[in-house]
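8 protein chains.
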Amino acid sequence: MDAKRLRTLLERVSSGAATPEAALEELKSLPFADLGYARVDHHRALRLGMPEVVLGESKTAAQIAGIAKQLISAGQNVLVTRLSEEKALELKTAASELVYAPVARVATFEHKPIEPAAIEPVAVVTAGTSDIPVAEEAFETLRMFGLPAVRVFDVGVAGIHRVIGDMPTLTKAPAVIVVAGMEGALPSVVGGLVGVPVIAVPTSVGYGVALGGMTALFGMLTGCASGVAVVNIDNGFGAAMVVARILRNQIRGAGA
Amino acid sequence: MDAKRLRTLLERVSSGAATPEAALEELKSLPFADLGYARVDHHRALRLGMPEVVLGESKTAAQIAGIAKQLISAGQNVLVTRLSEEKALELKTAASELVYAPVARVATFEHKPIEPAAIEPVAVVTAGTSDIPVAEEAFETLRMFGLPAVRVFDVGVAGIHRVIGDMPTLTKAPAVIVVAGMEGALPSVVGGLVGVPVIAVPTSVGYGVALGGMTALFGMLTGCASGVAVVNIDNGFGAAMVVARILRNQIRGAGA
Amino acid sequence: MDAKRLRTLLERVSSGAATPEAALEELKSLPFADLGYARVDHHRALRLGMPEVVLGESKTAAQIAGIAKQLISAGQNVLVTRLSEEKALELKTAASELVYAPVARVATFEHKPIEPAAIEPVAVVTAGTSDIPVAEEAFETLRMFGLPAVRVFDVGVAGIHRVIGDMPTLTKAPAVIVVAGMEGALPSVVGGLVGVPVIAVPTSVGYGVALGGMTALFGMLTGCASGVAVVNIDNGFGAAMVVARILRNQIRGAGA
Amino acid sequence: MDAKRLRTLLERVSSGAATPEAALEELKSLPFADLGYARVDHHRALRLGMPEVVLGESKTAAQIAGIAKQLISAGQNVLVTRLSEEKALELKTAASELVYAPVARVATFEHKPIEPAAIEPVAVVTAGTSDIPVAEEAFETLRMFGLPAVRVFDVGVAGIHRVIGDMPTLTKAPAVIVVAGMEGALPSVVGGLVGVPVIAVPTSVGYGVALGGMTALFGMLTGCASGVAVVNIDNGFGAAMVVARILRNQIRGAGA
Amino acid sequence: MDAKRLRTLLERVSSGAATPEAALEELKSLPFADLGYARVDHHRALRLGMPEVVLGESKTAAQIAGIAKQLISAGQNVLVTRLSEEKALELKTAASELVYAPVARVATFEHKPIEPAAIEPVAVVTAGTSDIPVAEEAFETLRMFGLPAVRVFDVGVAGIHRVIGDMPTLTKAPAVIVVAGMEGALPSVVGGLVGVPVIAVPTSVGYGVALGGMTALFGMLTGCASGVAVVNIDNGFGAAMVVARILRNQIRGAGA
Amino acid sequence: MDAKRLRTLLERVSSGAATPEAALEELKSLPFADLGYARVDHHRALRLGMPEVVLGESKTAAQIAGIAKQLISAGQNVLVTRLSEEKALELKTAASELVYAPVARVATFEHKPIEPAAIEPVAVVTAGTSDIPVAEEAFETLRMFGLPAVRVFDVGVAGIHRVIGDMPTLTKAPAVIVVAGMEGALPSVVGGLVGVPVIAVPTSVGYGVALGGMTALFGMLTGCASGVAVVNIDNGFGAAMVVARILRNQIRGAGA
Amino acid sequence: MDAKRLRTLLERVSSGAATPEAALEELKSLPFADLGYARVDHHRALRLGMPEVVLGESKTAAQIAGIAKQLISAGQNVLVTRLSEEKALELKTAASELVYAPVARVATFEHKPIEPAAIEPVAVVTAGTSDIPVAEEAFETLRMFGLPAVRVFDVGVAGIHRVIGDMPTLTKAPAVIVVAGMEGALPSVVGGLVGVPVIAVPTSVGYGVALGGMTALFGMLTGCASGVAVVNIDNGFGAAMVVARILRNQIRGAGA
Amino acid sequence: MDAKRLRTLLERVSSGAATPEAALEELKSLPFADLGYARVDHHRALRLGMPEVVLGESKTAAQIAGIAKQLISAGQNVLVTRLSEEKALELKTAASELVYAPVARVATFEHKPIEPAAIEPVAVVTAGTSDIPVAEEAFETLRMFGLPAVRVFDVGVAGIHRVIGDMPTLTKAPAVIVVAGMEGALPSVVGGLVGVPVIAVPTSVGYGVALGGMTALFGMLTGCASGVAVVNIDNGFGAAMVVARILRNQIRGAGA
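Chains as they are written, first to last, in this note's numbering: chain B, 1 to 256; chain U, 1001 to 1256; chain G, 2001 to 2256; chain V, 3001 to 3256; chain H, 4001 to 4256; chain Y, 5001 to 5256; chain R, 6001 to 6256; chain L, 7001 to 7256.
Some clues are possibly wrong.
Stated by the list, open to error - Cross-link-like lysine-lysine pairs, in silico, DSS-like; alpha carbons within 30 Å at most:
| # | chain 1 | residue 1 | chain 2 | residue 2 |
| --- | --- | --- | --- | --- |
| 1 | R | Lys6069 | R | Lys6112 |
| 2 | B | Lys92 | B | Lys69 |
| 3 | L | Lys7092 | L | Lys7112 |
| 4 | Y | Lys5172 | R | Lys6172 |
| 5 | V | Lys3092 | V | Lys3112 |
| 6 | L | Lys7172 | H | Lys4172 |
| 7 | Y | Lys5092 | Y | Lys5069 |
| 8 | G | Lys2172 | V | Lys3172 |
| 9 | B | Lys112 | B | Lys69 |
| 10 | L | Lys7069 | L | Lys7112 |
| 11 | U | Lys1172 | B | Lys172 |
| 12 | G | Lys2069 | G | Lys2092 |
Bear in mind the hints are in silico, worked out from the structure with no lab data behind them.
Modelling step: build the complete structure from the supplied sequences, incorporating the hints.
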C-alpha cells in the first residue's frame, strides 16, 4: 500500500465515497509489527504523510535498534531523536546503518539521500550559542522531511541590530523557527518583523528564574506579537513537524 | 500608501534592491497617530498584511473608542477583542459603528462586507460547550481576515466516536483550530487523525486541578501527536492569527 | 491466627457482637516483630486481607533483607517495590529467596506459587513504551494478590484506532488500569468506552512541561470522563491495590 | 433501544460475535439531539450504564433548561451538578420539574422515585463541617444511581477517637467515600482501618497553605495507606461515579 | 533637627568621629510620633534623604489621614501610594490637603512646589498602553523627589522600530525605568541599546500564562542584557526610589 | 566571660539597670575570631544559651575543621549538622576530636560528657522508617543540649492503633517532635491526643506529589489540630532547637 | 466530669494504672452533642486543657450560633475565629451573648471575666501596621486562655533600630509571637536577639511576589536563626495555641 | 574605531546631528568576527562602555577558548563567568593567557593590569559563608571594570549586631551589593541603614523551602525597604554590571 493508494482512500473519505470507519478498517486490516514492547505502525507515517520517528530518550539502545531495524526493513527512512552520545555508541554495533549527529542528538537513516524541495529555505533562528542543539534538532528533522533550511544563529534581543541585519533572510523564508531560552523574547521581535508563520521553541538554557525553560515558554505564549505558535521546551523536532504540516501543500504544489 | 505599494517595497527588500533599513525608514517617515496613551500604527497592519486589532481588556471604553475611530477614519477595518458586555454597552454611544458579538466578546467594523476567500473552510473544533466563547473569538477573527470557517463543537475525548464522526469535515480543512479545557487531550487525538496544521487553544474551563487552563496548556504541549502548535490560554484570537499567517500564501494563490 | 479467624472477628465487630476496641485489643495483644528501625506488623496484611509489602526505595538493602526474612519466617508472601537493580544485587546474597523482576523493579517471594483467581483478567493498559515499567509494577502486584491480568501496551491517543482495536479485551475486564505520561489523556478515552472501574496512573515520562508527571496527573484528575480514579505518579503498585480492594468480594464469591 | 438491548450488543462485542466498529456504528446510527451548543447524547448513559449528568457550572440557566428538557422528554432521569443558587432560581421557571438540593448544589429529576439497591449503604465520610457540601453532592449522585448511602460527618483526624467510634458503620460499607480538606489525612486513616475500596475527595476548605485543595489532594495521593484512589478537588460527583462503576456488578447480582 | 545636622552626624560616623551606636542613640532620643497603629518615624526620611511615603493599600482611609496629617504638621512632604479611587474620595474630607492623581493612584502633598533638579530627565518607558498606571506611579514619585522625567509610552518589542525611534531620548537620560507586562522583553532590548542604569518594572498586565506579572518578572531577571535591575511586580514607586538613590549624588553635585 | 556573667548582664537589661545598647556594646567589645571566610562568634551561644552549631552542608571539610578547632580551643562543645559521610571521612584526619553519627549525619565534640537534665524525656516520633535520619538529627541535638529523649519510630497514620499504643510515652513527654513525610498527617493526630507542645518536622521522604517534602509541610501547617508548630523540611536540628527554647526554663527550674 | 477528674484519669493512663483504650472508652461513653452538621465535643477542650474554639470562616451564621449556644449552655467559654463583620452582625440577633472584636475578627463569650495568669506578658510583635489584625487574633486568643500579653507593633526590619529599642520588653517575655508579611524577616532578627520560644506567623500582606503570604512563610521557615517555629499564613490563633501549650505548665506552677 | 570615536558618534545621535539609524549603519558596517557558533561582537563592549564577557556555563571549553582568543587578539580584556573547575583545567592548555579564580568561578585576561578608579570602594556584603562564591563573582567583575571594592562577609540578620558594626564601611560606599540566600532579609536591613543604591543578589544557598533561591529572591523583591533593586539568583556578575552602569558617570567625573 503506497502513499498514492492512501491518498486515494482519504479522498474517498472526504468526498463521502467511503466512511471513515471503512477507511480505518482498511488501514487496520494490515498487520502491525508487534515487537512486544512497541507496536511499530507502518501506516502512521503514511496516514500523516510523515517519515517514522522514534523518541530515543525513554527507550533502551536495544529497543531503539529493534524498532529501527524493523522500520528499515519495511523500507522506511528513520529519525531517532533525543539520543544521548552514550546510547548512540551502543547503537552503533546493533544498528550500524544509523548516522549520528552529536550536536542535534539525532540518528538518521535514509534509503537514498533525501532531496530538498524546490522552495525557499525555512529560517532556523537562535537567540544564543547555547540554543544551537535544539535548533540543530529542528534542522535535521526538516532535512529528513525534504525541507531546505538556513541557520541564523546568535541574534538575541540584547543586540537587536543583529536580527535586523538578517531581515533579508527572514523575509524570504516560507516559515521561521525561533529557538530561545531565558526570557524568550526573540519570537515576539521576529513576529513583529515578518508576516510568515513563526514557530517558537523555548529552551532550557539559563539558570535561576529561567526555571528550566518555563520562563521562556510563558514569555513566548504571552508575547505581544500575534500569530506566533509555540511547542514544548527544547522540542526542536516538534517545531519542524509543525513547519512540515504547514509546507506540505506548498511542497506538493512544487511537484513533490 | 496601499498594500500593493508595501508589497513592492518588501519585495525590493527581499531581493536586495532595498536594504531593510531603507524600508524601515520609509515606513517610519509616515506619521504615527499619537493619541497620548497609544501610538496608533497604521503600518503594522500593512507591514504584517493584517487588519488592525485592539486588545479591549486592558483599556477603558473611552480609549477603545478613541483608537477605533482613528482607525476607521484612516480607512481600516477594526477588530476589538476581549471586550466585556459592560464596556460594549458603553462603547455603543461613543463608537456606534462597531458591531458587538457577545459570545465571542469581540466588536468589529467593516468598511464593506469582507468576502471569504475561495478555499475550504478552516475547522474550529471544541471539546465541550464551555469552550465555545474562545472558539467564537477565533471564528470572528478568521472572518475578519476573509478566511471561511466551520464549527465542530462539543466533540471531547470522553466520547471519542463523536470526533471520528466529524472526520470528513476535518480532513478537508486546510487547518484545524482545536479549543479544549480540562486535560487538553483533543488536539493530540485530532493531530493523530489529520495531516494539516493543528493549532491548539487551551481554555480556562474546569475547576480544581484544571488550574485555570494550565493543565490543558501543558497537556497540549506535551501531547503525543507531533506537529501540534499551541497558543496562550483562552487566546482564540491568537490561534486565528497563526492560521492567517499559514494560509496567506494559499489565499493569495487563490486570487486574493 | 489465620485469615478465617480474623474474618470471624471482623464480622463480630460489624454485627455489633464485638466492639471495635475489643477487636483492636485482640489484634494488638499479638506481638509486633520489632527490628528497631521498623515495626513489622504481621496483622496489617490480615487486617486488610493483603500480603505484606515493603517499599524498597527508602530503605537500605540490609533493612529490606531484615524485614523480608522476618516476614518469610512468619509464613507470609512478600512483595518489595521500587527496588533498584543495585540494591537487588546486594539483596541477592542476604535474602536469596527473593526473585527480582528488573522491568517492574520489584522483588517477590511466594511460599508456594500463587494461583490466579478464576475471573476475567484485569486489563493493564499503557499509552507508550516508556510507561511499561510502571505497568509491570502493577502487573506483578496483581499477580501477588492472585488476580489475573492482561497487558495492552502502546495504545496512546495520538493513534486512537489502536485503543479501539483493543476494545474486546477492555470490555471483558472487571477493571482497567491505565498507565500514561505526557498529557495523560488515555484514561478519559478508555473511561468513555467501558463501564467498569478505571484506575489511572500518571507516569513521570516526558520532558519540559510534562513536569515529572504533574501534567499527566492533573490531566487525569480533570479529564472529562466521569468515574475515573487516580493514584500517585508512577504508583503502579497503588493502582493494583485499588483493584485488589475492588475485586476482593468478587474473588471471594468465585471461591477464594 | 433499551439497556437490555445495549447489554446484548456489548456482550456480542466482547464474545467476538460483533466487532466494536459494528457496535459503534449501530450506536451512532441513532440520531443525536443537536441543540446547537451541545450534542445531547442519549446513548452515553446507556453505553456506560449511567443516568444523564449535566455539569451546571459552565452553562447558562437557559442552556441547562434546554438540555434537561430534551433529556426528560427522551425519558431519562437527570442530574445537574455544580448549580449555584442563583441559576437554580432562574431554572425554576424554565424547567420546573427539576428539584434543587441547595447544600449539594445539584438539581435532579426522576420519572419515578429511584429505589435504592438492596445492599449495605456506602459510607460518605467528612473530616469537618465545611466538607459537607461536597459530601452531599456525592450523596445525591449515589441516590440517583440507586445506591444506598449513610452520612458519617465531622470525624477529622485531630479527634481520632471519633472515627474509631464509627468503625462498625465503615466496616459494613461496600465502599467508603472520604471527603476532607486541609491536610487530607483522613483517607489514609480510614484506608488503614477498612479493606473495602476507599475513594478520597479533596476539598478546597482551608486557607493559606491549604492552596485551594492542592495540599489535601497531594496529601491523599501520597498517603501511606495503599489502595486509596483519588478524584479532583471538590468532585463529590466524580467519587460517586467511581463507586457506581465499582458496585454495578454487585447491584446487578442483587437483582438490579 | 534638620537634614544638615543629620548629614553632619552621618559624616562623623563615616569618618569614625562618632560610633554608629552613638549616632543611633542620638537619633532614637528624639520622640517617635506614636499613633497607636503606626510609629510615624520623622527620621527615616532624614536618615535616607527621602520624603515620607505611606503605602495606602493596606490601610484604612482614616489611618492614612491620621498619618498624613501628622507628617504634614511635622513639616514634611507626603506621598501616598496604591490608593484606590474609593479611598481617595473618603480621604478628601479628612485630609483635603492631599492632591489625588487617579491614573498613578497616588496622593501627594507639597508644602511648596518641588523644583525639579537641573539634570536631564529620567526616561519612563512602557511597552503598552496598559502599563501606563505603573509608569505614572514612578513618574509621580520621581516628581516628589525633585527628579525631572519624560514619558516614552507604548514602544513594545513587537514593533521594535518604535523604540529605536526614541533612542535620542533614551541615550540622554541619566537612568531609564522600563515598565512592561506579558513577556517583559523590553528592558533587555533597552539595556542593549543604552549604557546608563536600567530599572525594570514587571506589570500584572496580561492573561493566561502572564501569571499576574510573574512571567514578566522572570523574563526581566533572566534577560540577556547584563546590568538590568528589577523591582517587584507593579512597583513603579520602588523603581523611582532606586533611581532616586542612584541620582542623589549627581543631584547634590548639581547644587541640590 | 561565662554564662553566669552573661545572665547577670541580661537580667540587668531586662530590669532596666542596663540599656540594651550598653549590653550589646559590652558583648561586641569582645573579639570575634575572624577566619576570613567566617566570623566565629563565641557569644552567640552565650547570648542564646546554646552550644555552637556549624551547618556542615554548605562548607568544605577544611572550613568545618577550621571552625570546629577554633571553637574547641575556645572551650566550647560543638555540633556539626548535615554532614555527609564523605566529608566526615575527610574531617577525621583534620579534626579527629569530632565523633560522627552516620544516621543522624552529625558530628559532635563534648569537652566532658553532657549530663541529661532530670526531666521526663522528649518524645521523638516518626511516621515511617525512612524518616529516621531526620529524627536522629533531632535526637543528637537534644542530647547536646542536655535534654533526655525517647524514640517512638514507625507509627504512621495508616496503622493508627500503633500511635495509640504509644500514648503512655507521649503523655508523659514535656514536648513531642513528630517527624513525617508524605502527607504529614501524624502531627495532627498526635496534637489531638496530647496537650504539650508538638513540633512537626516535614521530611523529603516520598515520590511524585510528595514534592520533596512540600506536601508534608503544607499538610502540617494546615492540619486541623491547633497548637502544632512547624519547622523547615528535614530540619530535625531546628525542631530540637525549638524544644530547647521551650524547656530551658523548666530545666533551669530543675536545677540546671 | 470536670478537669480534675480528667487529669486524674490521664495520670492513671500515664502511670499504667489504666490503658489508653480504657480511658478513651470512658471519655467516649459521655454523649456528644450531635447538631447534625457538627459533633460538639465537650471533651476536646478538657482533653487538651483548652477552651472551645469555633472556626467561623467556613460556617454559616446559623451554624455558628447553634454550636456556640450549645457550648455556652454546657458551661464553656467560647472563641469564634475568622468571623467577618457581616456574619458577626447576623450573629448578634441569634447569639447576643457573643462579643465581637472587629480588628481581630473574633467573637468571644466568657461566663465570668477570665483572669490573666500571674506571669510576664507574652510579646505580640508585628512588622507593619497591616499585620495588626492577625496579631490581634493572637492577642484575643491568649486572653481567652488567661495569658497576659503586650503589643509591640510596627517594628519591621527596614528600621532595625525600632526592634532594638523594644528589647527590654522582648527579653522579659516568656514567649514571643512575631507577625510579619512580605519577606518575613523579623522572626529571624528577633530569634537572634532573645532566647525564649519565638513563634512566627506569616501574613498575606503585600502584593506581587509576596504571593499571599507564601514568601513570608518560606522566609520564616528558612530563616537563619535556629529555634523559630512557624504556623500557617494569617493564623494568629494557631500561634497563640502553640504558646498556650508551651506556657501551660508554667501557669500551672504559678497556681492556675 | 576606538571608544572616543564611538562616544563622539553617540553624542551626535543624542544631539540630533546623526539619526540613530545612521549610527547603527556605521556600527554595522564593521565586520563581526563570525566563529560559526557565535558572533563575536567587538562593538557591544564599546557601545555599552563595558569589557567583553563570556558566559562560560553553556559553552564547551573549546568554544570558550575560541571566543576568548578572538577577543584577546582584538585587543580586548576578557571575563569568563560561571566556569567550572573542570572546564578551567581544559581551558588552561587551549588559552593559557586566562587566569582562573576558583571561588568566583571566573577566568580573566587583562592586557595590562587594570587600575581601580579613585573612588570609595563598593561594599560587597554576604549574609553567610556559603554566599561567598557569588560575592566573589561580583568582586572579580567589579575589578575588571576598574571599580574598587571591599568585602563585608558573614553578617546575616540572625546576628544583627554584626551588620551594625560594619556601618562605617557601608556608609562610605558609593553602592552596596548584598548577597544572601535563605530568606533574603539582609538587603532590607542594609537598605534601611544606608541611602546609596543597594543591589540585592539572591543565592541558591539553603534547603527545603529555600527553593533554590526563590524564597530569597521573592523576599528581596517584597522587602520593606524601598529602593532596593534585585538581579537573578546567583548572578553576582549581573549585580556588578548594575553597579558599573551606576558608577560610570562618577568614575568619568573622577578622571577615568
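Here is how each hint holds up against the structure:
Between Lys6069 (chain R) and Lys6112 (chain R) the alpha-carbon distance is near 16 Å, which keeps this suggested pair within the 30 Å criterion. With a C-alpha separation of about 12 Å, the suggested pairing of Lys92 (chain B) with Lys69 (chain B) holds against the 30 Å cut-off. Annotation: proposed proximity of Lys7092 (chain L) to Lys7112 (chain L) holds, straight-line Cα distance about 20 Å (limit 30 Å). Taken as a hint, the Lys5172 (chain Y) and Lys6172 (chain R) pair is honoured in the structure, with Cα atoms around 29 Å apart against an allowance of 30 Å.
Restraint check: the Cα-Cα separation between Lys3092 (chain V) and Lys3112 (chain V) comes to about 20 Å, which is no more than 30 Å; the hinted pair holds. Taking the CA atoms of Lys7172 (chain L) and Lys4172 (chain H), the gap is near 29 Å; set against the 30 Å cutoff, the hint holds. For a cut-off of 30 Å, the pair hint linking Lys5092 (chain Y) to Lys5069 (chain Y) stands: about 12 Å separates their Cα positions. Pair hint Lys2172 (chain G) plus Lys3172 (chain V) holds up; C-alpha atoms about 29 Å apart against a cutoff of 30 Å.
Our distance criterion of 30 Å between C-alpha atoms is met by Lys112 (chain B) and Lys69 (chain B), whose separation comes to about 16 Å. Distance restraint check for Lys7069 (chain L) and Lys7112 (chain L): the Cα-Cα separation of roughly 16 Å lies within the 30 Å cut-off, and the hinted pair is therefore satisfied. For the hint linking Lys1172 (chain U) to Lys172 (chain B), the alpha-carbon distance of about 29 Å falls within 30 Å, and the restraint holds. Distance hint between Lys2069 (chain G) and Lys2092 (chain G) is fulfilled; the C-alpha atoms sit about 12 Å from each other, no more than 30 Å.
Every hint from the earlier list agrees with this structure, and none is contradicted.
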